Structure formats: structure tokens, C-alpha cells
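Student: Protein sequence lines, in the order shown, are assigned to chains A and B. Each residue of the first sequence is one higher than the one before, counting from 34 in this note's numbering. Each residue of the second sequence is one higher than the one before, counting from 34 in this note's numbering.
Honestly, the hints are just simulated from the structure, not real lab data. Note that the structure is predicted; figures quoted are calculated from it, not measured. Among these hints, one or two may not hold up.
[Stated by the list, open to error] Derived pair list, reagent style DSBU-like, types lysine-lysine, alpha-carbon separation capped at 35 Å:
no., chain 1, residue 1, chain 2, residue 2
1, B, Lys318, A, Lys347
2, A, Lys353, B, Lys422
3, A, Lys65, B, Lys111
4, B, Lys388, A, Lys133
5, A, Lys304, B, Lys388
6, A, Lys388, B, Lys179
7, A, Lys446, A, Lys201
8, B, Lys486, A, Lys347
9, A, Lys39, A, Lys312
10, A, Lys353, B, Lys106
11, A, Lys347, B, Lys39
12, B, Lys39, A, Lys353
13, A, Lys306, A, Lys318
14, B, Lys390, A, Lys347
15, A, Lys370, B, Lys390
16, B, Lys422, B, Lys307
17, A, Lys312, B, Lys388
18, A, Lys486, A, Lys65
19, A, Lys318, B, Lys65
20, B, Lys388, A, Lys390
21, B, Lys106, B, Lys39
22, B, Lys390, A, Lys307
Given next are the chains, with one letter for each unit.
2 protein chains.
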Amino acid sequence: MIMEIKKYITENEPRMLEELFSLIRIPSISAKPEHHDDMLACARRWAQLLLEAGADEAFVMPSAGNPIVFGQKTVDPKAKTVLVYAHYDVMPAEPLELWKSQPFEPEIRDGHIWARGADDDKGQSFIQVKAFEYLVKNNLLNTNVKFIFEGEEEIGSPSLEGFCREHKELLKADVILVSDTSMLGADLPSLTTGLRGLAYWEIEVTGPNRDLHSGHFGGAVANPINVLCQMISQVVDADGRITVPGFYDDVEEVPQAERDMIAHIPFDEEKYKKAIDVKALFGEKGYSTLERNSCRPSFDVCGIWGGYTGEGSKTVLPSKATAKVSCRLVPHQDHHKISQLFADYILSIAPDTVKVKVTPMHGGQGYVCPITLPAYQAAEKGFEKAFGKKPLAVRRGGSIPIISTFEQVLGIKTVLMGFGLESNAIHSPNENIPLDIFRRGIEAVVEFYMNYK
Amino acid sequence: MIMEIKKYITENEPRMLEELFSLIRIPSISAKPEHHDDMLACARRWAQLLLEAGADEAFVMPSAGNPIVFGQKTVDPKAKTVLVYAHYDVMPAEPLELWKSQPFEPEIRDGHIWARGADDDKGQSFIQVKAFEYLVKNNLLNTNVKFIFEGEEEIGSPSLEGFCREHKELLKADVILVSDTSMLGADLPSLTTGLRGLAYWEIEVTGPNRDLHSGHFGGAVANPINVLCQMISQVVDADGRITVPGFYDDVEEVPQAERDMIAHIPFDEEKYKKAIDVKALFGEKGYSTLERNSCRPSFDVCGIWGGYTGEGSKTVLPSKATAKVSCRLVPHQDHHKISQLFADYILSIAPDTVKVKVTPMHGGQGYVCPITLPAYQAAEKGFEKAFGKKPLAVRRGGSIPIISTFEQVLGIKTVLMGFGLESNAIHSPNENIPLDIFRRGIEAVVEFYMNYK
């Protein structure tokens with residue numbers, strides 16, 4: 034079986050890559066309004082590719098935001114139905130000067146595809162579609178398959194929940210399959226069984242109504258940047274604990290069995306530090322690095338700006354300072370509740386020398402997938418065949434808020450069959466995917482379908 | 034005496050204003066390279082006007098940057114010598130659309146001269162030269178007078194220190210007289226007796242070697258923006274005191290007599306807050322607002338940036354965060370020493386989870402003019418005659434680094450006989466000077482010379 038798939042991939046790879054590249058070349062950056070037309074172009078390209086891969090039908094459907102691609106193939110109304118979810122939007126590519134090749138002009142170098150979206154999520158979703166193609170072309174598909182590809186995942190999927198509520202019948206399925214996560218390593222395959230939730234805010238601090246001369250006013254008027262730094266510095270204490278009152282109320286302690294399993298994951302902390310070039314790590318006291326970045330909540334400033342940021346030195350007491358901040362949450366922490374607690378806390382520590390505005394930007398719930406789920410077990414077999422090892426079940430630190438929305442709105446569990454690697458540098462310059470992973474991914478998904486009944 | 038000066042001004046005012054206007058009409062904007070020729074034209078016009086006013090000689094001299102105007106009149110080699118410093122360059126006039134009349138076409142309206150440079154510093158330096166003219170024409174001058182007018186004050190006087198070092202003999206004098214500061218009000222004459230110094234740094238914090246996914250790494254890797262905020266928040270304590278060890282070592286407590294005087298300056302804190310639209314002020318505990326912004330040091334973040342600062346929400350654990358920060362210093366604090374203390378402190382509180390670089394950007398010493406100085410007392414008498422009230426001795430929060438350079442390089446104290454008003458809008462659209470202030474200024478400077486022996 035695996036040999037036949039390999040042969041199919043080898044014979045068809047030039048065409049497959051050209052198809053993938055045609056998607057990558059459309060800069061479908063959902064965060065930037067000027068890419069509005071690219072979103073539609075990318076959705077249309079996907080619909081066409083779904084049809085060519087063997088879907089009975091494929092549509093570009095309107096949503097409250099960017100369009101949604103829906104496609105399906107029905108083999109037997111009584112058979113099980115798999116709903117494949119993916120996203121066709123990508124993150125902005127900045128800082129552009131750090132890219133070795135153009136982010137939207139894919140290049141094959143050293144056995145990798147280099148481009149924005151090469152992994153997240155154009156590359157990974159393409160693996161799903163090419164596995165589907167193989168099964169259709171070889172008359173091996175025994176389940177019905179539906180596809181839903183959205184264009185707003187990187188900005189928090191604001192329209193997808195509404196779309197799901199309106200199209201419950203259309204999206205009816207037995208399980209949702211998603212390739213948008215990563216493995217512990219190419220030789221350490223793993224399946225993601227838990228995801229963190231997310232809450233995201235913008236904090237705007239306004240001091241004086243205009244930029245002031247720091248000589249004439251400095252020392253007498255509160256500086257909004259100083260105040261913003263002061264407030265941000267209060268959110269995490271010296272033990273790495275988040276100080277927002279009530280923040281940990283719904284956090285479930287990581288079960289000892291899971292901690293034991295995590296402790297057995299081969300993990301070289303020195304190598305980890307070296308890869309990102311830091312001398313020391315920092316996180317919540319009492320937890321290991323792997324626990325901290327998967328099973329425990331975190332607080333990060335994602336961006337900050339204010340005052341004079343040009344060359345040289347301008348002496349100014351600025352009028353305004355702004356930060357974008359976010360928390361990763363763990364399952365059971367409700368992002369709405371946390372969002373409110375955080376905003377209340379920031380306002381409670383804001384001095385009356387400035388005006389502070391906290392704007393919630395987006396959020397998502399955490400998620401847990403039981404390893405007893407038949408679809409999970411089929412995915413496990415798929416990985417085992419493709420990578421030669423039974424994959425570990427691990428929780429990951431990232432968030433795909435829509436996964437828990439699917440559960441709440443559609444009542445369907447999701448299996449996270451992600452093929453990413455840390456070195457794929459998603460959301461960063463020089464995003465890439467190894468061709469070897471691309472091929473094995475297709476094999477694993479084909480095997481999933483062969484084992485899912 | 035005053036009556037005679039008034040008569041002289043009245044009789045000669047049309048000519049005087051035409052001379053001043055001829056200077057103003059030359060757009061000598063030092064910040065803009067395209068005005069290179071205007072700098073030379075303005076310097077030449079000044080040299081001519083110095084000769085016409087009674088100088089024995091006047092030259093346009095080269096410097097490392099824009100030319101410097103030097104002129105002198107020697108009445109008696111044994112008499113005291115006053116060196117008048119001024120600058121002939123002006124700030125850019127933008128935003129042009131906010132001007133009611135053309136910035137470089139002076140207009141008299143409502144008893145004011147409206148133009149860029151009407152006050153800063155063409156108008157104020159013209160007051161000096163016209164007082165000199167009156168004394169020469171009426172055979173009243175008992176001191177030697179030298180003039181040095183530079184063309185780079187608005188861009189930080191980069192060439193003046195070198196010029197002073199090369200021309201120590203030429204610039205030899207007993208006191209330096211400068212009209213480039215302002216008074217508390219037209220009916221509240223004051224002399225500036227102190228200026229704050231300045232130290233300025235850029236702090237760069239580098240965490241991981243690239244932007245990381247905040248889901249995959251958040252909670253396990255120190256975030257450079259969080260760390261930068263943490264460090265900045267430690268520089269000032271809850272009492273508004275700067276925590277850098279040794280920072281206050283050379284700060285002289287404000288003498289009680291000076292504090293009493295400051296307490297008597299009419300100052301409406303509610304109006305002050307309303308003008309900049311803040312609900313509350315913040316500064317060092319134990320000091321009033323006017324003390325905080327003039328006699329006490331301060332710490333301000335002038336600019337900060339890092340991570341994602343575009344629209345929407347990008348979840349990223351950024352690689353780098355940077356801030357431009359500055360301290361206003363008080364007399365006796367050495368900016369070189371403070372610069373080192375600050376850098377040492379920041380490095381001492383930097384956690385080993387990040388790399389921190391502190392780059393000193395520039396600095397200047399503070400300045401104090403003792404009120405016992407004979408030239409200060411002569412200036413005091415001049416103001417008293419011209420404005421009918423003994424001027425208050427006040428320290429100002431801004432910095433004129435060249436004043437302390439004069440003291441260090443030439444060993445000469447400066448008396449700051451400034452006639453500006455806040456409403457003169459220097460550096461802003463609709464800069465102006467009231468004709469009444471222009472006339473009284475001339476009277477005050479004449480009286481200075483009559484009383485300086």
C-alpha cells in the first residue's frame with residue numbers, strides 16, 4: 034500500500050507542487066485589509082483544486098468576513114463522513130528583510146519548500162487534499178468527505194462560528210480532521226490531543242493630549258509609556274505566575290500520569306535553548322519547559338509602540354502608548370471570563386494620571402481529544418505506517434479556537450493530524466516544509482482513511 | 034535714561050524692523066540641507082548689521098558645519114568684555130497650513146511681529162544688537178562687546194564646541210550674555226538661573242533569535258518586551274524616585290530660599306492639568322510641580338517599539354524590543370557619570386534570559402548661574418527698569434547644552450537674559466513677539482550695560 038502511494042506521489046509531484054505554489058503565490062494575508070481581493074482569489078483557486086482532486090462539488094461561499102470554501106464527495110449516504118477543516122489565509126510576512134527568498138514566491142532549496150504558508154496552513158491542508166485525490170483516483174475512498182476552508186484563522190476566525198451555526202446540516206459529519214498542528218520531531222511523530230485557548234487584548238494608555246517637551250514637563254507629568262511598562266510588569270510575578278485575580282480558578286492541575294508521560298518525551302533543553310539562542314529559559318515555577326508551553330497558561334506582549342521610534346534621539350514625553358498582549362489559556366479556562374478578568378485587573382491597577390482603554394481583540398477556548406476516539410486511533414495507525422513509530426499523544430501550546438467552537442456548535446470532535454515541525458518556522462521569516470514530510474503526510478492521511486470505519 | 038531710550042527706539046523703529054525683517058526673510062532652516070545657501074546669506078546679513086550697529090569689525094567664519102558670525106567692538110582693552118551668544122538658524126516652519134501669515138514674510142498684526150524666528154532667536158538676538166547700537170551711537174558703552182552667532186543651535190550645535198576650543202583667545206570675555214530663553218510672563222519678568230542636563234540612551238533587548246509562535250513557546254521562553262517593561266518599570270519607584278544606585282549622589286537639595294521663591298510663583302495647577310488634559314499629575318514625592326519640572330531630575334521613555342504593531346492581532350513572542358529613554362539631570366550631576374551608572378544598573382537588573390544592550394545617545398550638563406554674579410545683578414536691574422518689577426530667579430526644565438560647554442571650554446559663566454513668552458509659540462506655527470516686549474527688551478539690555486562694571 035505505502036509503496037503504491039509513494040509511486041503515485043513520485044509520478045505526480047511536479048504537478049502537485051505547481052498546484053501548491055499557485056496557492057502560495059496568492060498573498061492571502063487576512064490581517065491586512067489591502068489583501069481583500071487576494072482572499073477571494075485564493076478561495077476560488079482552492080475550489081478549483083478540490084474539484085480537480087475529485088470532489089463532486091466545490092463552492093466559494095459568503096460569510097460575514099472572508100469567503101469560505103466548501104467541497105464534498107459522497108460515496109455512500111450511509112457511510113461515515115469526515116469533515117476536513119483548514120484555512121487558506123496566512124500570517125503577514127514581516128520582517129521581510131529576514132527572508133532568504135521571497136515569501137510569496139515559493140522556492141525549493143535543500144529539500145524544503147520555502148514560503149509563507151508552506152506549512153501553515155496551505156502546505157498542510159494540501160497534504161489532506163492530495164491524500165483525498167489518491168483515494169478517489171484509485172477508487173479506495175470508503176467514507177464521505179467534506180472540506181471547509183476558511184480565510185480568517187490567523188485573525189481569530191471571527192466569521193466561522195456564525196457560518197457553522199447557519200450551515201449545521203451542510204457540515205454534518207462524524208469527525209473533523211485538521212492538519213494544522215505539529216509533531217515533536219520528524220523522528221518523534223506525535224498527535225496533538227490538547228490545545229491551549231487564547232485571549233488577546235489591545236491596551237491603549239493616553240497621557241497628555243499632545244506630545245510634550247520632556248525638558249519642560251518631564252518629572253511633573255506621568256509618561257504613558259512608563260505607565261504602560263509599569264502595568265505590564267505587574268501581570269506576571271517573579272515566579273512566572275499571572276497575577277490577575279481569579280485567573281487560575283478554572284485551571285485543572287496537570288494529572289500526574291500526564292506529567293509522567295511528558296517527562297518521558299525525549300527533550301534536550303540545551304538544544305532547545307541553542308536553537309533559539311537564549312542562555313536561560315523562564316516560566317512558571319514548579320513546571321518543566323514542556324509543561325509550561327503546553328499545559329499551563331502564559332502571558333506575552335505581542336507588540337508595543339509609542340513615542341519617537343525613528344533614528345537618533347528626540348526628547349519627548351509622548352501622548353500615547355499601546356501594547357498588544359495575549360494569554361494562552363488551558364482547557365476549562367473560559368476565554369470570555371478571562372478576557373473580562375484581565376480588563377478589570379488592568380483598569381484596577383491603572384493610575385489616575387492617564388486614561389487606559391483595554392480592547393478585547395479575540396479569543397478561543399482550549400480543547401482536549403480523547404485517545405479512545407475511533408478516528409484518533411485511525412490517525413495513530415496512519416502515523417505509524419508513514420513514520421514507522423506509534424505517535425505520542427501530547428498537548429500543545431498553540432490555539433485553534435475554532436476546534437472547541439466545532440465541538441460546541443456542531444457537536445463534533447476533532448482529530449488533529451498535524452505534520453508541522455518546529456523548524457518549519459511558521460509565523461516567522463523563512464517558513465518552510467520538508468518535502469519528505471509533505472510526502473509522508475500524504476501517506477499518513479491515506480492510511481487514516483483506510484483504517485477509519 | 035529710559036525716556037531717552039524710548040525716544041531712540043520710536044525714532045528708529047521703522048528702520049530697525051526693516052533690518053530685522055531682512056534677517057527673517059532668509060529661511061535659515063538648519064535642519065534642511067536644501068537651505069545650505071540661506072545659512073551663508075543669513076550669516077553675511079548679520080555681519081553687515083553688526084557693522085552698521087557699531088561693531089569695529091565683523092566676520093563670517095567657517096566652522097565644521099554652518100558658518101559662524103563673529104563681531105566685536107573694543108572700547109578699552111582694560112574694560113570688561115561681554116560676549117553675546119545667539120543663533121541665526123531657525124526651526125522648520127511645518128505644518129505650513131496652520132500659519133495665519135507666511136512664516137518667512139514677517140507681518141505686524143495686533144501689535145506683534147509674526148514670523149518664524151520672530152522670537153527664536155532672530156528677534157531676541159536683534160534686541161541685543163539694537164541695545165548695543167544705542168549705546169555706541171550715544172557714546173555710552175563702557176565695556177568691550179563681542180558677538181558670536183551660530184547657525185546650528187536648532188540641530189544641537191554640533192560644530193560650536195570645536196569652534197570654541199580653536200578660538201579660545203578670540204572668545205575671551207568676562208561673561209556671556211544670551212537672549213534665547215523665556216520669562217514666566219510679560220507681567221512676571223524672570224531670569225533663568227538654572228537649566229537641566231540630559232542623558233539619553235537606547236536599550237535593546239534581544240530574546241530568541243527570531244519571532245516565535247506565542248502558542249508553542251509562550252510560557253517557556255522569556256519575552257523581550259515583557260522583560261523590557263519589567264526593567265523600565267524598575268527605574269522609577271512608587272515615590273517617583275529614580276532607583277539607579279548613585280543617581281542622586283551629586284544632586285544638590287534645592288535650597289529652602291529657592292523653594293520659598295518657587296512657592297510664590299503664581300501657578301494654577303488645575304489650569305496646567307486642563308491644558309494638557311490629564312486628571313492627575315505624577316512626580317517625585319515631596320516636591321511641587323514647578324520644582325519637579327525644573328530643579329529635580331526625571332526619567333522618561335521617549336519611544337518604545339517591538340513585536341507586531343500593525344492592525345489586528347498577531348500572536349507572536351517577538352525576538353526584540355527597543356526603547357529610547359532619557360533623564361533630565363540637574364546641575365552638578367555629570368551626564369557622563371550618570372550615563373555609566375544607568376547603563377550599569379540596567380545591565381545589573383537584566384535577567385540572563387535575554388541579551389541587553391544599552392547605547393548612550395547624547396548628553397549635556399546642567400547649568401546654574403549664581404545670583405551673586407555681578408553680571409546677573411546687572412541683568413536683574415535691567416529687567417527691573419524695563420518691566421517695573423524685580424525679576425524672579427527661576428530654574429527651567431529644558432536643556433541648552435552649549436551653555437555648560439561654554440563654562441567647561443571657555444571657563445565663562447552665562448547670564449540668560451531671555452525675553453520670550455510661552456505665547457510666542459517658538460518651534461510652532463504662528464511664532465511671534467509682541468512689539469512691546471521687543472522695545473522693553475532693548476531697554477533692559479541697555480540698562481544691563483549701564484549697570485555692569
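Student: Now look at each hint and say whether the structure bears it out.
Tutor: Do the hints match the structure? See the list:
1. For the hint pairing Lys318 of chain B with Lys347 of chain A, the CA-to-CA distance comes to about 27 Å; that is within 35 Å, so the pair holds.
2. Pair hint Lys353 of chain A plus Lys422 of chain B does not hold up; C-alpha atoms about 41 Å apart against a cutoff of 35 Å.
3. Straight-line distance between C-alpha atoms of Lys65 of chain A and Lys111 of chain B comes to about 74 Å, which puts the hinted pair past the 35 Å bound.
4. Taking the CA atoms of Lys388 of chain B and Lys133 of chain A, the gap is near 25 Å; set against the 35 Å cutoff, the hint holds.
5. Proposed proximity of Lys304 of chain A and Lys388 of chain B is supported: the alpha carbons are some 18 Å apart, at most 35 Å.
6. Of the supplied pair hints, the one linking Lys388 of chain A and Lys179 of chain B is violated, its CA atoms being roughly 52 Å apart against a limit of 35 Å.
7. Simply put, Lys446 of chain A and Lys201 of chain A have alpha-carbon atoms about 14 Å apart, close enough for the 35 Å limit, and the pair holds.
8. For the hint pairing Lys486 of chain B with Lys347 of chain A, the CA-to-CA distance comes to about 41 Å; that exceeds 35 Å, so the pair is violated.
9. Of the supplied pair hints, the one linking Lys39 of chain A and Lys312 of chain A is violated, its CA atoms being roughly 43 Å apart against a limit of 35 Å.
10. The straight-line distance between the Cα atoms of Lys353 of chain A and Lys106 of chain B is roughly 51 Å, outside the 35 Å bound, and the hint therefore fails.
11. Between Lys347 of chain A and Lys39 of chain B the alpha-carbon distance is near 42 Å, which puts this suggested pair outside the 35 Å criterion.
12. Note on Lys39 of chain B and Lys353 of chain A: the hinted pairing is violated, with a Cα-Cα distance of about 49 Å set against a maximum of 35 Å.
13. A threshold of 35 Å between alpha carbons decides the hint, and for Lys306 of chain A with Lys318 of chain A the separation of about 18 Å falls inside it, so the pair holds.
14. Annotation: proposed proximity of Lys390 of chain B to Lys347 of chain A holds, straight-line Cα distance about 19 Å (limit 35 Å).
15. As the CA atoms of Lys370 of chain A and Lys390 of chain B are separated by approximately 39 Å, the hinted pair breaks the 35 Å bound.
16. Taking the CA atoms of Lys422 of chain B and Lys307 of chain B, the gap is near 29 Å; set against the 35 Å cutoff, the hint holds.
17. Distance restraint check for Lys312 of chain A and Lys388 of chain B: the Cα-Cα separation of roughly 9 Å lies within the 35 Å cut-off, and the hinted pair is therefore satisfied.
18. Distance check on the hinted pair: Lys486 of chain A and Lys65 of chain A sit about 42 Å apart at the alpha-carbon level, beyond 35 Å; violated.
19. The hinted pair formed by Lys318 of chain A and Lys65 of chain B fails the criterion: a straight-line CA distance of about 55 Å is larger than 35 Å.
20. For the proposed pair Lys388 of chain B and Lys390 of chain A, the alpha carbon gap of about 31 Å is at most 35 Å, so the pair holds.
21. For the proposed pair Lys106 of chain B and Lys39 of chain B, the alpha carbon gap of about 24 Å is at most 35 Å, so the pair holds.
22. Straight-line distance between C-alpha atoms of Lys390 of chain B and Lys307 of chain A comes to about 20 Å, which keeps the hinted pair within the 35 Å bound.
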